[in-house]
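All chains, full assembly: derive it from the sequences and hints.
Read off the chains here:
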Amino acid sequence: AQKITQTQPGMFVQEKEAVTLDCTYDTSDQSYGLFWYKQPSSGEMIFLIYQGSYDEQNATEGRYSLNFQKARKSANLVISASQLGDSAMYFCAMREYSNYGGSQGNLIFGKGTKLSVKP
Amino acid sequence: GAVVSQHPSWVICKSGTSVKIECRSLDFQATTMFWYRQFPKQSLMLMATSNEGSKATYEQGVEKDKFLINHASLTLSTLTVTSAHPEDSSFYICSANNRVTSNYGYTFGSGTRLTVV
Chain F
314 AQKITQTQPG
324 MFVQEKEAVT
334 LDCTYDTSDQ
344 SYGLFWYKQP
354 SSGEMIFLIY
364 QGSYDEQNAT
374 EGRYSLNFQK
384 ARKSANLVIS
394 ASQLGDSAMY
404 FCAMREYSNY
414 GGSQGNLIFG
424 KGTKLSVKP
Chain D
872 GAVVSQHPSW
882 VICKSGTSVK
892 IECRSLDFQA
902 TTMFWYRQFP
912 KQSLMLMATS
922 NEGSKATYEQ
932 GVEKDKFLIN
942 HASLTLSTLT
952 VTSAHPEDSS
962 FYICSANNRV
972 TSNYGYTFGS
982 GTRLTVV
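For the protein sequence lines, the chains are F and D, in the order given. For the first sequence, the working numbering puts the final residue at 432, and the numbers step up evenly by one. For the second sequence, the working numbering puts the final residue at 988, and the numbers step up evenly by one.
These are calculated hints, taken from the structure and not from any lab test. Don't take each hint at face value.
Unchecked claim - Cross-link-like lysine-lysine pairs, in silico, BS3-like; alpha carbons within 30 Å at most:
(1) F/K383 / F/K316
(2) D/K885 / F/K316
(3) F/K329 / F/K424
(4) F/K386 / F/K316
(5) D/K912 / F/K329
(6) D/K935 / F/K424
(7) F/K431 / D/K912
Right, dumping it as structure tokens:
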């Protein structure tokens, strides 16, 4: 079973509008972390935002916020006031902190969502 | 902030030759390095995990004799693709486990685009 599911292969958003990128996860661990990365066409992985499983507040970083719904195991990324430079692939990822899931400390990535911002 | 320098950023090689990719942590000690492979329009898939001074742990389906990983120092890890074939053409990217960085423990290199002809 997939541990990270991103159901939107591609999304379009009008410049200056907000967009939500979906991510659901599957883990039996109580302690885990959720990450979002942006990957432009150059290939580099740009860290956007992090949410720990014990964090009670939703994480925010500038125009990025994470809508964390623990009971639903979802960690959607919200980008406000989209800009043309936001066009890129976006990956949701998870790290499990216990050894229950066989974690070696690596990140497990979803398949990504390609976001296109229209002028 | 913490930086992992990855070289080369792109390489084209002939089938049957070997290619070495380097990841160097510039201002921190990378005790663990993760190596990922990403085929076009796909996700990052973990190939192997290397810890300084010990043998790498490979994921199922990754040939350890083909993808040689060396992590001889706390600042340098290398991935050598031996006897490369066109099906090895991919984007390879490293990620260092770094408890010092603000990115909650992970610093990525900039990636290497390998094309085997």
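Okay, the hints, checked on the actual structure:
1. Distance check on the hinted pair: F/K383 and F/K316 sit about 15 Å apart at the alpha-carbon level, within 30 Å; holds.
2. With a CA separation close to 37 Å, the supplied pair D/K885 and F/K316 exceeds the 30 Å bound.
3. For the suggested pair F/K329 and F/K424, the alpha carbons sit about 26 Å apart, so the restraint of at most 30 Å is met.
4. A C-alpha spacing of about 11 Å is found between F/K386 and F/K316, which places the hinted pair at or below 30 Å, so the restraint holds.
5. Taken as a hint, the D/K912 and F/K329 pair is honoured in the structure, with Cα atoms around 26 Å apart against an allowance of 30 Å.
6. A hinted pair counts as satisfied when its Cα atoms are at most 30 Å apart, and D/K935 with F/K424 qualifies at roughly 25 Å.
7. For a cut-off of 30 Å, the pair hint linking F/K431 to D/K912 stands: about 21 Å separates their Cα positions.
The structure does not agree with numbered hint 2 stated previously, though it agrees with all others.
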